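Novice: Spelled out from the first residue to the last, the chains are:
Number of protein chains: 2
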Amino acid sequence: MVSTLRLLRPSLTGLRAVATPRRYVSSFGYAQAKALIYSDYGQPSDVLKLHAHSISPAYGSDIVVRFLAAPINPADINQIEGVYPPKPEMTIKLGTPTPVAVPGNEGLVEVVAVGADVESFRPGDRAIMKHAAFGTWRTHAVASDENLLKIPEQFRDLGVVSAATVSVNPCTAYRMLKDFVPLERGDWFVQNGGNSGVGRAAIQLSRLWGLKSISIVRNRPEIDELKQELEALGADLVVTERELADRAFRKETKRLTGGKGIKLGLNCVGGKATTEMIHHMAQGGQVVTYGAMAKQPVTLSASSLIFRDMHLHGFWVSRWSDANPEAKRQMVEEILGMIQRGELKDVPVEKTVWTSATKEDELKAAIAKSGQGFGGKKQVFVFEE
Amino acid sequence: MVSTLRLLRPSLTGLRAVATPRRYVSSFGYAQAKALIYSDYGQPSDVLKLHAHSISPAYGSDIVVRFLAAPINPADINQIEGVYPPKPEMTIKLGTPTPVAVPGNEGLVEVVAVGADVESFRPGDRAIMKHAAFGTWRTHAVASDENLLKIPEQFRDLGVVSAATVSVNPCTAYRMLKDFVPLERGDWFVQNGGNSGVGRAAIQLSRLWGLKSISIVRNRPEIDELKQELEALGADLVVTERELADRAFRKETKRLTGGKGIKLGLNCVGGKATTEMIHHMAQGGQVVTYGAMAKQPVTLSASSLIFRDMHLHGFWVSRWSDANPEAKRQMVEEILGMIQRGELKDVPVEKTVWTSATKEDELKAAIAKSGQGFGGKKQVFVFEE
Numbered sequence: 010m011v012s013t014l015r016l017l018r019p020s021l022t023g024l025r026a027v028a029t030p031r032r033y034v035s036s037f038g039y040a041q042a043k044a045l046i047y048s049d050y051g052q053p054s055d056v057l058k059l060h061a062h063s064i065s066p067a068y069g070s071d072i073v074v075r076f077l078a079a080p081i082n083p084a085d086i087n088q089i090e091g092v093y094p095p096k097p098e099m100t101i102k103l104g105t106p107t108p109v110a111v112p113g114n115e116g117l118v119e120v121v122a123v124g125a126d127v128e129s130f131r132p133g134d135r136a137i138m139k140h141a142a143f144g145t146w147r148t149h150a151v152a153s154d155e156n157l158l159k160i161p162e163q164f165r166d167l168g169v170v171s172a173a174t175v176s177v178n179p180c181t182a183y184r185m186l187k188d189f190v191p192l193e194r195g196d197w198f199v200q201n202g203g204n205s206g207v208g209r210a211a212i213q214l215s216r217l218w219g220l221k222s223i224s225i226v227r228n229r230p231e232i233d234e235l236k237q238e239l240e241a242l243g244a245d246l247v248v249t250e251r252e253l254a255d256r257a258f259r260k261e262t263k264r265l266t267g268g269k270g271i272k273l274g275l276n277c278v279g280g281k282a283t284t285e286m287i288h289h290m291a292q293g294g295q296v297v298t299y300g301a302m303a304k305q306p307v308t309l310s311a312s313s314l315i316f317r318d319m320h321l322h323g324f325w326v327s328r329w330s331d332a333n334p335e336a337k338r339q340m341v342e343e344i345l346g347m348i349q350r351g352e353l354k355d356v357p358v359e360k361t362v363w364t365s366a367t368k369e370d371e372l373k374a375a376i377a378k379s380g381q382g383f384g385g386k387k388q389v390f391v392f393e394e
Numbered sequence: 010m011v012s013t014l015r016l017l018r019p020s021l022t023g024l025r026a027v028a029t030p031r032r033y034v035s036s037f038g039y040a041q042a043k044a045l046i047y048s049d050y051g052q053p054s055d056v057l058k059l060h061a062h063s064i065s066p067a068y069g070s071d072i073v074v075r076f077l078a079a080p081i082n083p084a085d086i087n088q089i090e091g092v093y094p095p096k097p098e099m100t101i102k103l104g105t106p107t108p109v110a111v112p113g114n115e116g117l118v119e120v121v122a123v124g125a126d127v128e129s130f131r132p133g134d135r136a137i138m139k140h141a142a143f144g145t146w147r148t149h150a151v152a153s154d155e156n157l158l159k160i161p162e163q164f165r166d167l168g169v170v171s172a173a174t175v176s177v178n179p180c181t182a183y184r185m186l187k188d189f190v191p192l193e194r195g196d197w198f199v200q201n202g203g204n205s206g207v208g209r210a211a212i213q214l215s216r217l218w219g220l221k222s223i224s225i226v227r228n229r230p231e232i233d234e235l236k237q238e239l240e241a242l243g244a245d246l247v248v249t250e251r252e253l254a255d256r257a258f259r260k261e262t263k264r265l266t267g268g269k270g271i272k273l274g275l276n277c278v279g280g281k282a283t284t285e286m287i288h289h290m291a292q293g294g295q296v297v298t299y300g301a302m303a304k305q306p307v308t309l310s311a312s313s314l315i316f317r318d319m320h321l322h323g324f325w326v327s328r329w330s331d332a333n334p335e336a337k338r339q340m341v342e343e344i345l346g347m348i349q350r351g352e353l354k355d356v357p358v359e360k361t362v363w364t365s366a367t368k369e370d371e372l373k374a375a376i377a378k379s380g381q382g383f384g385g386k387k388q389v390f391v392f393e394e
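First to last, the sequence lines map onto chains F and L. 10 is the number of the first residue of the first sequence in the numbering used here; add one for each residue after it. 10 is the number of the first residue of the second sequence in the numbering used here; add one for each residue after it.
Any given hint could turn out to be false.
Since the list can't tell identical chains apart, any single copy or any two copies may satisfy a pair.
As the list claims (entries may be wrong) - Under the rule of at most 30 Å between Cα atoms (straight-line distance), these lysine-lysine pairs were calculated in the BS3-like manner:
#1 K272 to K187
#2 K272 to K337
#3 K187 to K236
#4 K304 to K272
#5 K304 to K236
#6 K373 to K354
#7 K263 to K96
#8 K304 to K281
#9 K96 to K269
Bear in mind the hints are in silico, worked out from the structure with no lab data behind them. Note that this is a predicted model, so its numbers are computed, not measured.
My request is simple: use the sequences and hints to build the entire structure.
Specialist: Here you go:
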């Protein structure tokens with residue numbers, strides 16, 4: 010399979026130079042691809058299988074892509090477990106006897122070949138997924154214009170991990186800081202999961218935008234190192250859940266905010282941690298939930314709603330993106346610019362190289378590592394031929 | 010004391026005829042008044058005392074009023090228990106050796122005398138409380154322009170109970186139906202506490218405005234009679250909590266709403282009843298909490314927030330009224346018009362006549378009856394000289 014792909018690459022490079030600018034007919038032939046697949050919900054280690062199949066030549070509006078990088082996000086795992094929408098598309102196009110789904114929602118691809126009707130993409134273009142549930146844990150895929158958000162040429166030199174992980178965590182942090190409370194420079198917000206991908210993005214965006222953050226993290230053996238690390242990213246105050254629960258801390262938030270209080274809270278934990286966070290927020294505060302790490306519901310007293318005028322919302326970047334495609338494109342380009350200028354750093358990642366020779370168990374080992382322990386690194390598949 | 014007041018009334022009537030239109034100096038003298046008072050939070054039966062005191066002649070911007078009617082709302086009881094804001098004002102103006110508060114938030118008064126600086130009120134005018142926590146469980150009070158919302162002359166013939174109970178329940182229902190979701194004629198909302206004062210007002214307002222309601226009530230011995238009674242008021246569908254919990258009912262709500270779903274939920278219960286109500290609501294629904302009859306917090310899953318895009322808010326009519334005095338005035342007049350035309354009926358009430366001879370125990374007995382059992386009648390003090 011490696012040889013097949015190696016054989017094809019030079020011909021693609023050649024073709025690209027002579028292609029007409031708007032119309033491109035690929036001579037790319039059949040390619041051998043591999044994909045993780047599943048047909049029933051369950052634990053990834055139980056239900057995922059590595060499946061080899063062939064990719065047909067690009068026909069009509071087909072865009073054949075190869076993956077460059079694809080992260081393992083917590084939501085991907087939950088989706089395989091069947092507890093996180095959207096449901097993946099079940100397909101028999103991968104040559105399986107019964108329909109299967111491909112896991113993975115986020116990823117960076119390079120266009121390998123395009124059908125005769127494709128005008129918007131050319132081989133060599135890079136793109137990320139426009140919507141969730143495309144299935145990104147695979148070496149190749151047949152996509153269409155509808156699936157892909159092109160990465161502008163000026164960001165081609167960005168690391169593949171940065172580009173592959175731009176559309177979920179940084180975009181979630183960006184929208185939650187912008188869309189729920191009109192924050193001005195110097196205004197404070199509070200978030201739990203301060204060390205998460207979204208949490209780190211929120212810290213860095215708030216520094217860029219002149220906002221002030223209180224980031225709540227779980228206590229852990231190397232808490233001082235973590236605090237220093239987040240402060241180096243621009244965190245104004247990092248506190249453990251226990252430090253936050255100290256009643257004296259309520260006065261501290263009042264002092265910090267110059268009496269203005271905290272109007273925005275970002276919640277990815279749930280349960281007691283959320284109730285506690287809300288205690289520190291001001292009258293009229295808006296709490297945005299985007300995760301449930303504690304696997305417990307959000308609970309607050311009627312009096313917080315009635316007398317303290319708290320408001321609860323949820324944010325799901327997939328829904329927002331589907332509803333706002335053009336704003337999504339602009340935001341992604343803005344964030345790519347921040348990454349390029351070194352203003353927004355990736356979360357710490359651990360790469361698993363995925364070649365045509367990689368075994369199923371190696372891939373499953375990376376998936377099993379995802380989300381383990383405190384501040385475990387983000388697992389990312391990086392594809393090599 | 011009866012004789013004192015009887016003595017004063019004729020002179021007032023006489024004065025009224027000769028008063029200048031903008032300036033009024035009362036010759037009203039000292040009056041004997043009675044007030045329920047408390048100095049410590051606790052059970053009303055333990056902490057309330059009936060206290061006799063004198064009211065001085067109206068001086069400067071004073072407006073001396075006598076109460077005509079004052080309801081016993083659940084929030085009044087909770088306020089005495091110390092669990093419901095706002096805190097009552099503690100005063101020594103009633104001649105007590107230490108500061109005391111007067112319970113009661115809602116009521117209708119008649120102006121008895123006004124000081125020389127008062128331009129906006131004349132004796133004989135009727136008014137309701139402009140803000141919460143004035144203290145309405147008393148025969149007389151010294152108020153100011155700031156405390157009173159005048160009842161226009163055309164509504165003078167309204168029953169004292171209707172006028173005395175207009176500012177909390179009907180206003181709460183009115184704002185919750187107007188301010189959270191832009192409902193069009195034919196749109197549905199759902200509410201629990203369908204038999205409460207707010208619930209009955211919401212049913213009647215929705216009928217007037219062409220909205221459709223699902224009202225949830227607790228199961229009870231005479232459930233069929235209650236359903237008929239609420240349907241007679243204009244309820245479209247009255248269901249018990251148990252009927253609602255039936256999974257088949259979810260399809261029914263979809264059918265009823267023509268697939269549009271329910272975008273607004275009004276919650277005065279909390280706990281499981283609220284979680285269950287939210288299950289029946291559509292994507293993007295807004296849940297407004299205005300009470301906590303079950304004395305349990307509001308709990309919902311992170312996935313309801315994130316994937317179903319539910320939003321939680323609270324509504325407190327006191328805060329809204331303080332922030333929107335002119336809109337409040339207009340709304341009260343609009344609702345008084347509905348009452349006058351027979352479009353909005355009072356909740357079933359039980360009156361306790363309060364005269365100068367009424368004993369403390371009689372008043373406490375009425376308070377003890379408030380909120381008892383299923384659909385217990387609303388208790389109202391009606392003052393007679």
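Novice: Compare the structure with each hint and give your call.
Specialist: Do the hints match the structure? See the list:
Taking CA atoms no more than 30 Å apart as the test, K272 paired with K187 passes in both settings, with 13 Å inside one copy and 25 Å between copies. Within a single copy, K272 and K337 get their C-alpha atoms as close as 25 Å, and across copies as close as 27 Å, so both meet the 30 Å cut-off. Within a single copy, K187 and K236 get their C-alpha atoms as close as 25 Å, which meets the 30 Å cut-off; across copies the closest is 46 Å, which misses it. In the homo-oligomer, the alpha carbons of K304 and K272 lie at most 30 Å apart both inside one protomer (25 Å) and across protomers (26 Å), since each shortest distance falls under that limit.
Taking the shortest Cα distances, K304 and K236 sit within 30 Å of each other inside one copy (25 Å), while across copies they are farther apart (39 Å). In the homo-oligomer, the alpha carbons of K373 and K354 lie at most 30 Å apart inside one protomer (27 Å), although the nearest pairing across protomers, at 67 Å, exceeds that limit. For a Cα distance limit of 30 Å, the shortest separation of K263 from K96 across copies, 22 Å, qualifies, whereas the shortest one inside one copy, 44 Å, does not. Taking identical chains as interchangeable, the C-alpha atoms of K304 and K281 lie at most 30 Å apart whether they share a chain (11 Å) or sit on different chains (18 Å).
In this assembly of identical chains, K96 and K269 lie within 30 Å of each other by CA distance solely across copies; the values are 22 Å between and 43 Å within a copy.
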